[in-house]
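Asks: Residue numbers (the UniProt record's numbering): 1 to 321.
Worth flagging that the hints you see were computed from the coordinates, not collected in a lab.
From the three backbone atoms N, C-alpha and C, an ideal C-beta is built for every residue, glycine too.
Heads up, a few of these hints could be off.
Here are the simulated EDC-like cross-link-like pairs (lysine to aspartate or glutamate), alpha carbons at most 16 Å apart as the crow flies [as the list claims (entries may be wrong)]:
no., residue 1, residue 2
1, 204, 138
2, 251, 192
3, 108, 153
4, 226, 102
Pair by pair, the computed Cβ-Cβ distance ranges are [claimed, not checked]:
no., residue 1, residue 2, range
5, 286, 138, 19 to 27 Å
6, 310, 52, 41 to 49 Å
7, 153, 192, 44 to 52 Å
8, 51, 320, 38 to 46 Å
9, 50, 265, 37 to 45 Å
10, 281, 94, 25 to 33 Å
11, 153, 321, 22 to 30 Å
12, 50, 177, 47 to 55 Å
13, 92, 185, 31 to 39 Å
14, 263, 94, 43 to 51 Å
15, 263, 99, 48 to 56 Å
16, 74, 177, 52 to 60 Å
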Amino acid sequence: GTQRRTNSCYRLPVIICLGLAVVTVVVVYLALKLLWSSPTSSSENASSTKLPPDFYISCATSAYQIEGGWREDGKGESIWDRFTHNMSDRIADRSTGDVACDSYHKYKEDVRIIKDTGFDMYRFSISWTRILPSGYGEEINQAGIDYYHRLIDELLANQVQPMITLYHWDLPQALQDIGGWTNPDIADYFLDYADIVFREFGNKVKWWVTINEMHMIVNGYGSWTKLAPGLNDSGVSDYLAAHNLLRAHAKVYRLYHDVYKPSQQGKVGVSNYAAYMKPRSMNSLADQAAALRATQFQFGIFTHPIFSKTGDYPKVVRDRI
1 GTQRRTNSCY
11 RLPVIICLGL
21 AVVTVVVVYL
31 ALKLLWSSPT
41 SSSENASSTK
51 LPPDFYISCA
61 TSAYQIEGGW
71 REDGKGESIW
81 DRFTHNMSDR
91 IADRSTGDVA
101 CDSYHKYKED
111 VRIIKDTGFD
121 MYRFSISWTR
131 ILPSGYGEEI
141 NQAGIDYYHR
151 LIDELLANQV
161 QPMITLYHWD
171 LPQALQDIGG
181 WTNPDIADYF
191 LDYADIVFRE
201 FGNKVKWWVT
211 INEMHMIVNG
221 YGSWTKLAPG
231 LNDSGVSDYL
241 AAHNLLRAHA
251 KVYRLYHDVY
261 KPSQQGKVGV
271 SNYAAYMKPR
281 SMNSLADQAA
291 ALRATQFQFG
301 IFTHPIFSKT
311 GDYPKVVRDR
321 I
């Protein structure tokens, strides 16, 4: 059937190249601005258009797509560095993230654009290899930590709330060399990394996302050869990666909830890719069953273990895998 995509993180769809001072905001945001500024015929209508004070309009980026500085100040190699350098034939224009929007150097300009556009919050990801070049917790890169402190401080000075994504697809290459997300030990390496990040930035940052779109991450281990690491091992590596991603999320969630939340008072969650599959024909029971099955394999596999009472995979996934 046809596929419809929704966003489980309630983000406005925004295309941003902040380092190049280009911001394109979709009609939804403009419509909201017009709604807020439009005169209303009654006080009742006026009050109904007001958003609650804890409602944030946010923009979002990922480290690999905007930071650049791929080898600066001790940063290590990620799977996307390796992928774009060694498998450039899989990329339409053979571009890389080596410079990207150069946000590593232009973060103050980025923050100014965010503020001037009227956003209340900025969701960005931390580059694991900028903090831990090898991926392991024994080697901490202070220059990377200092960069994110500067970015966070600049946001707060401009009344923009930071929201940090711990992982947005740029796994350290050194960890991929030992299996990446297919290796059960990866959950503990991710826990070590998250512990360092919470300890360093938790007094300033109150909004956290553990992992961005697990479904897309596992595709890089399955049949989507245009996503790093591009393994093309569908049916094995993608399911191993899915399981370990969920374990990693659970460990980091518990770490924050049990150790850091009492003093830091923040919130932590996950950003899942939500795919809704429409049956080819609503008159066909087989098509309806196929659509439901596909939805469970693309969305339920990552949400049922987190939000269901059983904490297990959907039945159709267990039966077939």
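Asks: All hints are to be evaluated individually against the structure, with a verdict given for each.
Replies: Quick rundown of the hints versus the structure:
1. 204 x 138: 24 Å, violated
2. 251 x 192: It holds: about 10 Å lies between the C-alpha atoms, which stays within 16 Å.
3. 108 x 153: With Cα atoms ~10 Å apart, residue 108 and residue 153 stay inside 16 Å; holds.
4. 226 x 102: 23 Å, violated
5. 286 x 138: 19 to 27 Å: 54 Å, violated
6. 310 x 52: 41 to 49 Å: 33 Å, violated
7. 153 x 192: 44 to 52 Å: 25 Å, violated
8. 51 x 320: 38 to 46 Å: Given about 43 Å between the Cβ atoms, the range holds.
9. 50 x 265: 37 to 45 Å: Between residue 50 and residue 265, where Cβ atoms are some 26 Å apart, the hint is violated.
10. 281 x 94: 25 to 33 Å: 42 Å, violated
11. 153 x 321: 22 to 30 Å: For residue 153 and residue 321 the Cβ distance comes to about 46 Å; the hint is violated.
12. 50 x 177: 47 to 55 Å: 53 Å, holds
13. 92 x 185: 31 to 39 Å: Between residue 92 and residue 185, where Cβ atoms are some 35 Å apart, the hint holds.
14. 263 x 94: 43 to 51 Å: 47 Å, holds
15. 263 x 99: 48 to 56 Å: 39 Å, violated
16. 74 x 177: 52 to 60 Å: 19 Å, violated
Comparing the model with each earlier hint shows violations of hints 1, 4, 5, 6, 7, 9, 10, 11, 15, 16; every other hint is respected.
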